[in-house]
Amino acid sequence: MNSILSARDLTMVRDGKQILDIGELNVDQGEVVAVVGPNGAGKSSLLLTLALLEKATSGTIRLFGEIAGNGNLLALRRRIALVFQDALLLDTTVKRNVTVPMRIRGIPPQEANTRADKWLNQFGIAELSSRRARHLSGGEAQRTSLARAFALEPEILFLDEPFSALDYPTRKSLLLELGQILKQMRLTTVFVTHDYTEIPYFSENVAVLYNGRIIRRGSVREIFGDEILERKICVPWDM
Amino acid sequence: MEVILAGLAEAVRLLITGDPDVVDITLRTMQVSGISTLISVVIGIPFGTYLALTKFLGRGFVVSSVNFAMGLPPVVVGLIAWLMLARNGPLGALGLLYSPTAMILAQAVIASPIVAGFTLAAVQSMNPKLGLQILSFGSNRCQYILLLLWESRLGILAAIIAGFGRVIAEVGASMMVGGNIRGYTRVLTTATVLEVSKGQLELATALGIILLLLTFPITAALSYIQQRGKMP
Ligand SMILES: Nc1ncnc2c1ncn2[C@@H]1O[C@H](COP(=O)(O)OP(=O)(O)OP(=O)(O)O)[C@@H](O)[C@H]1O
Ligand SMILES: [Mg+2]
Chain S
1 MNSILSARDL TMVRDGKQIL DIGELNVDQG EVVAVVGPNG AGKSSLLLTL
51 ALLEKATSGT IRLFGEIAGN GNLLALRRRI ALVFQDALLL DTTVKRNVTV
101 PMRIRGIPPQ EANTRADKWL NQFGIAELSS RRARHLSGGE AQRTSLARAF
151 ALEPEILFLD EPFSALDYPT RKSLLLELGQ ILKQMRLTTV FVTHDYTEIP
201 YFSENVAVLY NGRIIRRGSV REIFGDEILE RKICVPWDM
Chain X
240 MEVILAGLAE AVRLLITGDP DVVDITLRTM QVSGISTLIS VVIGIPFGTY
290 LALTKFLGRG FVVSSVNFAM GLPPVVVGLI AWLMLARNGP LGALGLLYSP
340 TAMILAQAVI ASPIVAGFTL AAVQSMNPKL GLQILSFGSN RCQYILLLLW
390 ESRLGILAAI IAGFGRVIAE VGASMMVGGN IRGYTRVLTT ATVLEVSKGQ
440 LELATALGII LLLLTFPITA ALSYIQQRGK MP
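Going down the list, the protein sequences come from chains S and X. Quick note on numbering: my numbering labels position 213 of the first sequence as 213, and the sequence is numbered without any gaps. Just remember that my numbering sits 239 ahead of the position in the second sequence, which is counted from 1.
FRET-style restraints, in silico, Cβ to Cβ:
(1) G328(X) x T60(S): 53 to 63 Å
(2) R213(S) x P367(X): 23 to 33 Å
(3) P367(X) x D9(S): 19 to 29 Å
(4) R221(S) x S303(X): 57 to 67 Å
Sample of chain X residues facing chain S (criterion: CB under 7 Å; computed from the structure):
(5) L369
(6) L374
(7) S375
(8) F376
(9) S378
(10) E390
In silico BS3-like links for lysine-lysine, alpha-carbon gap of 30 Å or less:
(11) K118(S) x K368(X)
(12) K368(X) x K55(S)
(13) K172(S) x K183(S)
(14) K17(S) x K368(X)
(15) K368(X) x K294(X)
(16) K118(S) x K183(S)
(17) K17(S) x K294(X)
(18) K172(S) x K118(S)
(19) K55(S) x K17(S)
(20) K368(X) x K183(S)
(21) K368(X) x K172(S)
(22) K55(S) x K294(X)
These aren't lab readings, by the way, just hints derived from the structure by calculation. Yeah, the Cβ is synthetic: ideal placement off N, Cα and C, and Gly gets one too.
All chains, please: the whole structure from these sequences, using the hints.
See the structure below:
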């Protein structure tokens with residue numbers, strides 16, 4: 001019962017079609033779990049539901065031991081952070097993109113400023129602080145989005161295919177950097193991807209989603225066998 | 240061509256000498272259209288935002304009504320306002336007919352749907368995922384709406400420019416409920432119409448040029464704000 005995040009009997013029906021049917025899903029404190037599955041499997045829907053941004057049709061979600069409901073939605077959302085495939089930045093400077101969400105959560109300006117500098121630096125974009133977000137490259141934008149999420153110091157981090165819009169060198173360096181950061185912080189992370197070659201970079205555990213159901217759950221080795229761990233060095237795009 | 244040049248010369252003369260009639264008309268034009276635009280902003284932006292963000296029964300009907308109302312002919316608005324405000328009309332007791340207030344009300348009716356419609360389009364054209372991202376910051380309803388409006392600010396300023404452009408240029412409603420009374424409800428458009436009908440083409444052209452001179456810096460200022468865009 002040390003799950004920091006758990007879902008039970010979660011279903012989601014949209015336009016008369018069942019897109020999620022999750023009997024049980026638990027994520028432990030400090031666990032980095034990859035949710036994999038083909039296009040349309042329901043990965044994004046699951047992630048958005050777990051991050052309390054979309055409403056399930058039925059079922060319960062428990063975060064930090066609390067059952068999520070109308071009364072605590074805002075408070076729970078303020079303890080997590082989310083990174084999408086597209087960086088989805090506000091039309092302002094890089095720095096403000098990082099500080100605004102902190103200000104929304106009531107973090108004092110000084111503290112927000114310090115944290116922003118720290119994480120912009122960590123993701124190697126400190127010198128872009130005053131650049132307008134719309135003048136960033138895809139990789140720089142995604143770094144900003146990651147810095148923004150980490151600066152919030154979330155207790156759970158949700159990532160929805162954060163690298164799939166990036167080119168190979170950018171993707172690889174971000175995978176390596178993020179892997180290192182997550183390992184250091186032991187931050188609980190739910191990482192959605194349809195590209196299983198990304199998994200070994202930082203996830204130990206996997207949930208395989210297919211047609212809205214979790215058909216397998218286990219360690220990377222259990223699910224993919226040993227090859228994938230070796231493949232890390234020679235994935236198709238890693239020459 | 241001669242008329243236009245003469246009009247230009249006349250406009251310059253009127254402006255340089257500070258012709259009291261022209262100054263009075265110009266100030267009133269700014270006042271009437273400025274206040275009516277302000278009212279339409281206060282009504283139109285929240286209403287357009289509400290329509291963009293809320294699902295409710297009959298929303299489709301309301302949205303098409305707003306879109307329809309964006310093209311309301313000023314004369315028709317003027318006529319309806321006249322019927323309402325006329326002494327024996329439902330609002331006749333207010334005694335507003337042929338007053339600047341009546342003109343402001345009629346112009347606000349013309350501009351509000353324009354501001355609401357453009358705002359609706361601006362907010363709705365945002366990437367819906369951006370809305371989710373903003374929600375994920377832990378924003379409450381108010382913070383959520385303010386950030387979305389900030390992101391739609393180009394479209395919203397376009398809404399204000401369009402509303403203002405429409406009312407400062409309209410003549411039908413002002414004529415009907417204002418009555419073009421000299422020194423009281425005469426504005427640049429109604430004055431221009433009057434001068435044309437009197438055959439005073441140079442003066443009419445001069446008034447038209449002043450109207451352009453007035454509209455241009457105001458829309459230019461709004462465009463400047465729109466294009467500069469700094470976080471408030
Ligand atoms: N609001 C909605 N209304 C109707 N159907 C929806 C809605 N949202 C998602 N779906 C459907 O649910 C299914 C799962 O969608 P989802 O985006 O969660 O898949 P995914 O696994 O993230 O796919 P991808 O790898 O392409 O991102 C899809 O078939 C999609 O068409
Ligand atoms: Mg998806």
